[in-house]
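Each chain is listed here by its residues.
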Amino acid sequence: MSNRILQKSEPFLLLVFAMLAAMLLFAMFVAVLGQSPLAVYQLLYEGGFGSAFAWQNTLLRASPLILTGLAVAIPAQAGMVMIGGEGVLALGALLGAIAGLMLDGLPPLMVQSGILLAGMFAGACWSGISGWLRNYRGVNETISSLLLSYIGIALLNHFVEGPLKDPASLNKPSTRPLADSYMIGNLPGMDVHYGLLIGVVCALVAWLLLKYTTVGFSLRIVGGNPRAAMMAGLRVNRWIVLAAAAGGAAAGLAGAIEVAAVQGAASASVISGYGYAGILVAFLARQNPLAVIPVAILIGGINAAGGMLQRRLEMPDASVLVLQGIVFVLVLGSDTLRGRLFSKMEVPAGNVAMPVLTEGAK
Amino acid sequence: MTDAASGLGWWGVPLAVLAGAIRVSTPFLLVSLGECITEKSGRINLGLEGVLIMGAMSGYGASLASGSPWLGVLAAGAVGALLGLLHGILCSLRRVNDIAIGIAIMLFGTGLAFFLGKPLVQPQAPMLTSLPLGFWSDMPQVQSALQINPLFLIGVALAVVLHFAFRYTRWGLQLRIVGDSEMAAKALGYQVIPVRIFATIVGGFLAGVGGAFLSLYYPGSWNEGLSSGQGIIAVALVIFARWEPMRCLWASLLFGGAGALGPALQAAGFSGGYYLFNAAPYVLTLVILIATCAPNQKLSGAPGELSLVR
Chain A
0 MSNRILQKSE PFLLLVFAML AAMLLFAMFV AVLGQSPLAV YQLLYEGGFG SAFAWQNTLL
60 RASPLILTGL AVAIPAQAGM VMIGGEGVLA LGALLGAIAG LMLDGLPPLM VQSGILLAGM
120 FAGACWSGIS GWLRNYRGVN ETISSLLLSY IGIALLNHFV EGPLKDPASL NKPSTRPLAD
180 SYMIGNLPGM DVHYGLLIGV VCALVAWLLL KYTTVGFSLR IVGGNPRAAM MAGLRVNRWI
240 VLAAAAGGAA AGLAGAIEVA AVQGAASASV ISGYGYAGIL VAFLARQNPL AVIPVAILIG
300 GINAAGGMLQ RRLEMPDASV LVLQGIVFVL VLGSDTLRGR LFSKMEVPAG NVAMPVLTEG
360 AK
Chain B
0 MTDAASGLGW WGVPLAVLAG AIRVSTPFLL VSLGECITEK SGRINLGLEG VLIMGAMSGY
60 GASLASGSPW LGVLAAGAVG ALLGLLHGIL CSLRRVNDIA IGIAIMLFGT GLAFFLGKPL
120 VQPQAPMLTS LPLGFWSDMP QVQSALQINP LFLIGVALAV VLHFAFRYTR WGLQLRIVGD
180 SEMAAKALGY QVIPVRIFAT IVGGFLAGVG GAFLSLYYPG SWNEGLSSGQ GIIAVALVIF
240 ARWEPMRCLW ASLLFGGAGA LGPALQAAGF SGGYYLFNAA PYVLTLVILI ATCAPNQKLS
300 GAPGELSLVR
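Sequence lines, in order, name chains A and B.
Oh and the first sequence: position 77 is 76 in numbering that gives the first Met the number 0, straight run, nothing missing.
Oh and the second sequence: position 127 is 126 in numbering that gives the first Met the number 0, straight run, nothing missing.
Simulated from the structure, these hints should not be mistaken for laboratory data.
We treat Cβ as the ideally placed atom computed from N, Cα and C, and that holds for glycine.
Be aware that one or more of the hints could be misleading.
With beta-carbon atoms standing in for the labels, derived distance ranges [claimed, not checked]:
| no. | chain 1 | residue 1 | chain 2 | residue 2 | range |
| --- | --- | --- | --- | --- | --- |
| 1 | B | ALA156 | A | ASN2 | 58 to 64 Å |
| 2 | B | THR168 | A | ASN2 | 32 to 38 Å |
| 3 | A | ILE4 | B | TYR167 | 56 to 62 Å |
| 4 | B | GLY188 | A | PRO10 | 34 to 40 Å |
| 5 | B | PRO294 | A | GLY33 | 51 to 57 Å |
Assemble the whole structure, with the sequences as input and the hints as a guide.
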């Protein structure tokens, strides 16, 4: 009985072990560089979760991370590894800003919805291309999404420094800023904008759809075995493009929210690593949309504390990237122990070699 | 290159693109040859982007510390080989996916390079020197266009060597059989995992050297924006080249030309659309992938064990 509970909790325990091992490795790395690991971890906690101010900072960063995490996790349900969130976010920001300028003069709620919809539309189209290419041309979606990401970033830079540049923005080229009345405000009683709520709602909706409706079931079949899905009469092509586009919509929404709630205009500042961190968020959450929320808060906290490490200990701001990289590598590596943590004794020694062979043969 | 373009007006553009193609293609060439070896063994290392950046950083640092840029190149290769070893070992574990590990190595390498490279942004390290192969010409434009880095020539030689090695040598055939059919390799008594780990180490070494070219020759400095996707383009390029070393060479030159287009046009006074021209290699890669891939059929020449092309 207790054995079953142990086996049920194994994925979570593995994640915790991998993260503890990563923290230990990072502590050694920090110690080699002559810093006290204890001081580093204390600052990471203080800067991320130690005070109301730290929490606000953390939640501000978590809100785009939830969406960029979904941008990886939703296509993953259909068996795709898409890693172009950074550029999709940039395009979402660009189209969102353009929509904001075009709708100037309408009531705020309409302008805001216009901005968010434009961002989602841009993201859905851009990621949809990867899904479409994978299906109809057999192009690997991991590579095409990353290439499209770089193209998206180039498009943002081009328009922000060229045709759409606000002449008043001199040393930081950006589009014309939104009027203050159009900016998305803060959640009641907090210094955190409504984007957080939007992100959480998106994650919940995605989770419910995937877990309790035929949408999720179909996607999982498509991801698990496309041929079986086709036999069952599912339109595999459509599902794959749809999943890619839905993920893109999430990342594009994150970009539009950055414009409408934080920056006030599209500029190169929206390209700040949320897309890449979203990959880590999704993999740590095991591609589960519900788990994306706490993981995004955790990673947001680590990122928020990065500035503190820089100020107090004069460590480079990339320190948190090193920690995240170690976590990523170890969590993926821990996959090898999956299903073997508590049942190692039960597998007869003679059978161990077989799965290796069949795995190689597929 | 700037002089070459400005002296000849618009005619400088093709010359500058040619010179730039050789210059810009070198990291593509080295990384893609490395990835070609790795993929021939049946593994894909998407982490070469991170390896490239780590190579650029450590090469720059080692050149600065030792005063010898060639020691920097070796250091970059060694660091790349270490990251390749990490990738190779992790992917040999059961149930570990090589594409996901590649993404993790990409983020880890980038983060580590930014972290360790912080103090290297300011100081100027000794650079690699090039061979003046344009000595026969009187025109300074031609002379400057034919300043060719030895690493490019090493890459060309390596492409030729690999071309024959894959066909006619014992280890080349062993590598290919491991990549084409794990079962067949095992039946013949070959050790699959050591071969794959070794192939990933060699791939990492070459990617590291490619990174050193970026920081020690062209563009020739260390900063966080040094590489933007050269590693991942090189991976795509191997698909385009159908896992043939000689085609990797031609493809690298093509991509180098696309990458040199932006700077060459800018030097000729055409400054609009700077970012768009810089995006040319990505667009070209995508277009070529679309043109060469086909749905529901395996690419010709693809190693059978490769998870990338199912």
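Worksheet item: Regarding ALA156 (chain B) and ASN2 (chain A), is the given constraint of 58 to 64 Å on their beta-carbon distance met?
Response: holds, 60 Å
Worksheet item: Falls inside 51 to 57 Å, the C-beta gap from PRO294 (chain B) to GLY33 (chain A)?
Response: holds, 55 Å
Worksheet item: Quick one: are GLY188 (chain B) and PRO10 (chain A) within 34 to 40 Å, going by C-beta?
Response: holds, 38 Å
Worksheet item: Honestly, do ILE4 (chain A) and TYR167 (chain B) meet the 56 to 62 Å range at C-beta?
Response: For ILE4 (chain A) and TYR167 (chain B) the Cβ distance comes to about 59 Å; the hint holds.
Worksheet entry | Beta-carbon spacing of THR168 (chain B) to ASN2 (chain A) - inside the hinted bounds 32 to 38 Å or not | violated, 53 Å
Checked against the numbered hints above, the structure breaks only hint 2 and satisfies the rest.
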